[in-house]
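Chains as they are written, first to last, in this note's numbering: chain X, 1 to 117; chain A, 118 to 344.
Among the hints, erroneous ones may be present.
[Stated by the list, open to error] Covered stretches of chain A (chain X as the covering partner; in silico rule of three or more C-beta atoms under 8 Å from a C-beta of chain X):
#, region
1, 171–182
2, 199–212
3, 273–279
4, 300–310
FYI, nobody ran anything at the bench for these hints, they're computed from the structure.
Note that the Cβ used here is the ideal one computed from N, Cα and C, for glycine as well.
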Amino acid sequence: MGADSPLLFALIGVGVYLTRVVPLALALRREDDSQEIDESDDAPGAMDGWLGFVGPSIIAALLVAAVLPEPGQDMWLELARTGAALAPTVAVAVLFENLGLTVLVGILSYGLASVVI
Amino acid sequence: MTAGYLPAAVAFGVAAREAGLSVFEAVFMAATVYSGASQFALVGLISSGAPALVAGVSALLLSLRHVLYGPALAPSLRYIRGWRVGVVAYGLTDEIFAVALGRLRQRQANFGWMMGLEAAAWVPWLSGIAAGAIAGAAITKKAPVVAPALSFALPALFVALLVSLIPSDSRARMSGNRLASVGAILAAGTVAAGFYFAGQESWGVLAAGVAGPVAGVCLKRWGNRGR
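If we strip away everything but chain A, and leave its shape as in the complex, we get (with noise of 0.2 Å):
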């Protein structure tokens, strides 16, 4: 796991510094936000000159598939109460959730193993970020060929983003099926690249983030109607 944040986290610390945030505001928001998407969706809207309210509305959007994380490790947490209960969420990102969801079918999670668990993904995600930040900006200076294919970055994470989000015939029931996963980012694709040709990237977001999961729950239930 550490080995997959890795070069993301240095990746997200130099793409930071060109949307033009300080080392300080990369590593906070890395901190705070602690959700990888929603922080390169951050930055992404940042470097386009977005409003704070669309960069945080999106973000937030962004943020709302995790909402079906907890319920579906809960029953894998029962011996986590009280305060510790807050601390496991913090950490409960995408590829927690998924590495928790297949070790944990058969046995209880105690705070230790989620806590050793969440660690080997926050400890390298903010320290790449720091150096990517700090160093990035040194590197693409000596090797200027560096700087555009680092920019390179941010696509190829949403494209990774996006193929682990589309249910595999384990996660199908969670999060719909295939097909309907394929329909709803086609969808949005097509309504964000039609805003940003109209020259309203920003709003595309919000729109592909309605005209996507209108598609896929329509798609969904056409599927289910055929069966």
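Okay, chain X solo, but in the shape it has when bound (with noise of 0.2 Å):
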């Protein structure tokens, strides 16, 4: 990374921290109004119709980003073990639902693929 990589991460954070705060702060700002919101009146329509499915979509993305091999890896070696690993880390993700125990899971998982594939 260059020299201007912290101001690009200070800008992101920017970026993150003002989806954070604004609705917070006006969503409290309507508690002051002492208008009465219902959990179900939180999220606008729109809001609730679209965003919910951004993080989800784009997380996918990078998964299949991630999890696909690299362009001179023997792709279908990579992808047994990629396969291998993936399915007890799901399993444990779905079961426990608990992010480091599942981060461990797959590390533990790939790395024994890695050995024995």
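Could you fit the two chains together into a complex? Lean on the hints.
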């Protein structure tokens, strides 16, 4: 990375922070105005319908890009290792919904698959 | 929560170093961006040689889900006012939101309670990243088999985040129903794979960020119509 990477990170950080602070501040102001906010009204329809899917979609895309073999790798061998590692990883993620445990199982599974396959 | 954050933080520190970031850059990114998914996305895109604009837009698109968190928690945060709102908002990560939403259903939180909760995530996240960034290179040098294994931390984290973002019954009201979410994920993954094999990996993330929600919204409307 170049010398300007901290600036890039800081700018992204400001953007991420704004996505957290602006909606919270506005919602608390509505609370101040004594407007009873029911949970079902918290997210306007457009946000509920669209933004709720943005995060999972981008993470899915990142997951696909992360598990597909890079050029020059043995495609089927790499897919076999990835598949062998993904199965227990997904199982642990679904069963326990624990981020750290899932990452740990993923690392161990892929390490084992790399040795065995 | 600390136990959950530490392994992922160490893995991020190692991944950041392998992507060419310095220890300072890895920790600085964690402190400023402070969003696991966006940070891993940035590192993944940086290591694949994506332009800064694409990396930045992807990270910001990924953080758009945070827009929903503040309004959902606001009824339980009425006692937090002024500058404290800004401090609480900084630590409003996916995990903090999920824990706070579950614990605060029946009561109000004060500033100290939220700070305690957020510190339980912030401290292990940053210290774990620093440890991974400092010691990761030495570990992978002494035990080469560890390097490919650690490289799977990224996909494993994405799996964990994906599963956590697929709405359960109690969260379905916020994020759409389960079928729509799975449909959005499958559509996004398919689009991303197509772009990947076409050699346009970084643009595939942005395309998936549009295709997935379109599929999700369509499925949700179709599902609502069927009721």
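Here is how each hint holds up against the structure:
no.	hint	in the structure
1	171–182	holds (count 10)
2	199–212	holds (count 7)
3	273–279	holds (count 7)
4	300–310	holds (count 9)
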